[in-house]
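Based on the sequences and whatever the hints tell you, model everything.
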Amino acid sequence: MPDGPGQSNTGTVEDDTASVGAGLDALDTPTAADTRGCGRKILGQVLPPVVALVVIVAIWQALWAAAFWPEYQLPAPADVWTQIWDRVTSGEIVGFLWISVHRAVIGFLVAVVVAIPLGLVIANFSVVRRGIGPIVSGLQSLPSVAWVPAAVLWFGLTDASIYFVVLLGAVPSIANGLVSGMDQIPPILPRVGKVLGAGRLASARHILLPAALPGFLGGLKQGWAFSWRSLMAAELIATSPQLGVGLGQFLHNGMSLSDMSMVMAAIILILFVGIGIELLVFRPLERAVLRARGLNGSL
Amino acid sequence: MTATLEMGVQTGHAVRLSGVGKTFGEGRRAVTALDGVDLEVAPGEFVCLLGASGCGKTTVLNLVAGLDAPSAGEIELNTSRPAVMFQEAALMPWLTASRNVELPLRLAGVKRADRRARASELLELVRLAGVGDKRPHELSGGMRQRVALARALASAVDGDGNSLLLMDEPFSALDAITRDVLQSELLRIWRATETAVLFVTHDVREAVRLGQRVVLLSSRPGRVVQEWHVDDIDPAAQAGVVDAINTRLHEVISSHA
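So the protein lines, in turn, are chains A and B. To convert, note that position 133 of the first sequence is 133 in the UniProt record's numbering; the numbers rise steadily by one, no gaps. To convert, note that position 104 of the second sequence is 104 in the UniProt record's numbering; the numbers rise steadily by one, no gaps.
Derived from the structure by calculation, the hints contain no laboratory data. All values derive from a computational prediction rather than experimental measurement. The reader is advised that the hints may include incorrect statements.
Here are the simulated EDC-like pairs of lysine to aspartate or glutamate, each with C-alpha atoms no more than 20 Å apart in a straight line [to be verified]:
#: 1; chain 1: B; residue 1: K134; chain 2: A; residue 2: D28
#: 2; chain 1: A; residue 1: K221; chain 2: A; residue 2: E286
#: 3; chain 1: A; residue 1: K194; chain 2: B; residue 2: E76
#: 4; chain 1: A; residue 1: K194; chain 2: B; residue 2: E88
#: 5; chain 1: B; residue 1: K134; chain 2: B; residue 2: E88
#: 6; chain 1: A; residue 1: K194; chain 2: B; residue 2: D68
#: 7; chain 1: B; residue 1: K134; chain 2: B; residue 2: E124
#: 8; chain 1: B; residue 1: K134; chain 2: B; residue 2: E121
#: 9; chain 1: A; residue 1: K194; chain 2: A; residue 2: D183
#: 10; chain 1: A; residue 1: K221; chain 2: A; residue 2: E278
#: 11; chain 1: B; residue 1: K134; chain 2: A; residue 2: D25
#: 12; chain 1: A; residue 1: K221; chain 2: A; residue 2: D183
#: 13; chain 1: A; residue 1: K194; chain 2: B; residue 2: E169
#: 14; chain 1: B; residue 1: K111; chain 2: B; residue 2: E121
#: 15; chain 1: A; residue 1: K41; chain 2: A; residue 2: D259
Okay, structure coming up:
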């Protein structure tokens, strides 16, 4: 080891380096910026959508009051609200929501289980990617309602038909999300993994999957939206007494009875569930993941 | 442990390259990046590999690191896994600083408590004891590079003078003051750990300041052109050596015009 001629004063030189280094660390460390109060932050989040909603309802009320269209085409906001409120007070709404949401959740979870291996295989094997990659991306643009007739012919008016349609809607988006998440991993990270001693499996577990997580979460979010849409399409078309009444059937019943206020009530409830799950489940999840990586905490 | 000790006694080098060549591509479009490179780094020695862009110095490092296989020649390593540091820190953005340092230990199956202890030891070594819980985006560029150094040191499995640290222009993306500080820090850590270092750079001044030996590589194909022992020269003579190496480097580059 070099114990050079400058040995006698290395002590002071090293102290100097240490203090300069510490000063640089203090100066260069990025500072957290958000200084707004918690109350104002929540207000800033909540106020704009509430204002937008009030404006939309006001326009609706004005159009209804102007009576451009007959009542059976454009009902009053209050009538639609009454439809919803009646279902709430009679307890029927619990049944609608339970039937639809539990189907969507089960369908979504099965879709996740199917899509993860599918996505991993497509992302990691170029032959598979060339073979079925375009088909999986293509399936994303095929409206899953197109599967309903086939499902009904194959499985009859059963839960199996409904789950079939939900799966075909959700699996391609989740798999694609995982593939694009893997594609966006900076190539340096798997190389670092290799020099740190990660084998193929350890690299997938400790480096590739966590690195792909933001893209994968985007895929999950889209997969949920597709499950929910596909489910509504399936429920709307495949109606039968033994399937029970979900939100889709409720909408179908409104159409059969030519009751516009019931139809709009159903649409609002469907929208409400879709937005609710997104806000309660996916938004916080996505925000936590992105925040932890210093990416865009303003969501 | 005895096995590694014996190996250290038997062989007098941390890494030895003999006649190493590397060709990318095939047929007419093949590019020869390295041709007959002979290079030896002794245990505990600090060697700087110097060359213009495209001379294949990074290729040498990739070959030694095992990220790529040589087309010809042999590479003998005296350690089962060299520590590698890249130009970017390349920390895992989802892990805290100390978890990043723990990662190679985790991959090697080290127990949690031992991992923790080793990681905090290494963070202390790079003077980052207080920031173990921070995420990479909360650290400055120089701090990230030091975490990367701690992580690289954690990945080197054998200690006891057998370890080898490979560095690929690790400070070139940093500002001048930070680079200066990190160079002194690297020298301090090198003395403390007694590891051999193979340091790739295109900066002559940096090479002379850090290395005990400076090896100049020619470009396309990369060959060892000349080497200088810069260990014992006094600071006054340093400028002269830097000039001499610079002149030779310019000659090598001009020969491609």
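Taking the hints in turn, this is what the structure says about them:
Pair hint B:K134 plus A:D28 holds up; C-alpha atoms about 14 Å apart against a cutoff of 20 Å. Under the criterion of a C-alpha separation no larger than 20 Å, the hint pairing A:K221 with A:E286 is consistent with the structure, at around 9 Å. About 19 Å separates the Cα atoms of A:K194 and B:E76, which keeps this hinted pair within 20 Å; it holds. Of the supplied pair hints, the one linking A:K194 and B:E88 holds, its CA atoms being roughly 16 Å apart against a limit of 20 Å.
For the hint pairing B:K134 with B:E88, the CA-to-CA distance comes to about 18 Å; that is within 20 Å, so the pair holds. For the proposed pair A:K194 and B:D68, the alpha carbon gap of about 11 Å is at most 20 Å, so the pair holds. Pair hint B:K134 plus B:E124 holds up; C-alpha atoms about 15 Å apart against a cutoff of 20 Å. At most 20 Å may separate the alpha-carbon atoms for a hinted pair to count; B:K134 and B:E121 meet this at roughly 16 Å.
For the suggested pair A:K194 and A:D183, the alpha carbons sit about 18 Å apart, so the restraint of at most 20 Å is met. For the hint linking A:K221 to A:E278, the alpha-carbon distance of about 7 Å falls within 20 Å, and the restraint holds. Note on B:K134 and A:D25: the hinted pairing holds, with a Cα-Cα distance of about 13 Å set against a maximum of 20 Å. For the hint linking A:K221 to A:D183, the alpha-carbon distance of about 18 Å falls within 20 Å, and the restraint holds.
As the CA atoms of A:K194 and B:E169 are separated by approximately 19 Å, the hinted pair is consistent with the 20 Å bound. For the given pair, B:K111 sits about 15 Å from B:E121 by alpha-carbon distance, which is consistent with the 20 Å threshold. This hinted pair does not check out: A:K41 and A:D259 have alpha carbons roughly 41 Å apart, beyond 20 Å.
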